[in-house]
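With the hints as constraints, model all of the structure from the sequences given.
Just add 70 to wherever you are in the sequence shown, counting from 1, and you've got my numbering.
These are calculated hints, taken from the structure and not from any lab test.
Even for Gly, the Cβ is constructed at its ideal location relative to N, Cα and C.
Don't take every hint at face value.
Computed beta-carbon distance windows for the label pairs [to be verified]:
#1 D165 / T266: 42 to 48 Å
#2 L268 / A300: 36 to 42 Å
#3 I174 / N214: 29 to 35 Å
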Amino acid sequence: MNAQAVGYVLRMAALFATLGLLGGCAALQTGPMRGNNPDFTAVMPPPPKPASQNNGAIYQSANSVPLFEDQRARHVGDILTVILNESTNANKSADTATSRDTSINVSAPTVLGAGVTYNGKSLLSAGLASKNAFAGKGSSTQSNQLSGTISVTVAQVLSNGNLIVQGEKWIALNQGREYVRFRGIVRSADITPLDTVLSTQVANAEIAYGGRGVLNDANREGWLAKFFNAWWPL
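Structure (structure tokens):
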């Protein structure tokens with residue numbers, strides 16, 4: 071192998087190594103759904119003091135089943151069905167127009183009652199004029215809709231009776247898998263006798279819908295395209 075062929079092989083190896091490094095730099099970090107804004111963080115009530123339980127041989131207060139009440143979720147581990155009925159529509163438009171005209175004239179001073187001129191033109195007079203205008207217009211429209219059901223479990227019972235629920239559902243398809251994840255705070259009074267609750271009645275709700283597989287990968291940009299789109303000015 072001559073020197074020219076060796077140089078070509080080395081250049082190609084360096085090129086592929088550089089592309090690999092760029093791909094590592096362009097990888098996206100997937101963080102949690104919830105942000106760090108304290109204005110939207112749920113406020114938890116103080117934990118109650120544990121009360122003494124008088125359990126008998128048959129009756130257990132922690133796992134009691136009421137005979138004359140609906141079987142609604144109320145304890146940790148109970149199952150609750152959430153009816154997803156989310157629909158959001160957002161429209162925003164802005165139209166701005168500004169203009170400004172400026173004119174400044176400085177009269178020429180006189181010396182002994184006569185102006186200072188040269189070839190009939192005043193030397194000390196000055197004038198300034200400027201004009202600028204700006205016009206901008208923009209609009210944005212976004213809509214989302216999600217419907218279906220998901221069964222979740224009670225993760226925590228707060229001292230005021232509210233329930234923190236969470237869960238996920240995976241669906242395997244021919245070319246991939248789809249999932250629905252749900253978490254939020256449910257008020258016990260909003261639970262129906264059929265042990266269901268509307269997603270619109272859940273406080274601090276986190277709803278995620280996504281997928282994995284061939285179809286999901288086909289809808290993503292390649293790592294090299296992500297890298298160039300991150301800094302490409304056009």
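- prompt: So which of those numbered hints doesn't the model satisfy?
  reply: Violated hint (a single one): 3; every other hint is consistent with the structure.
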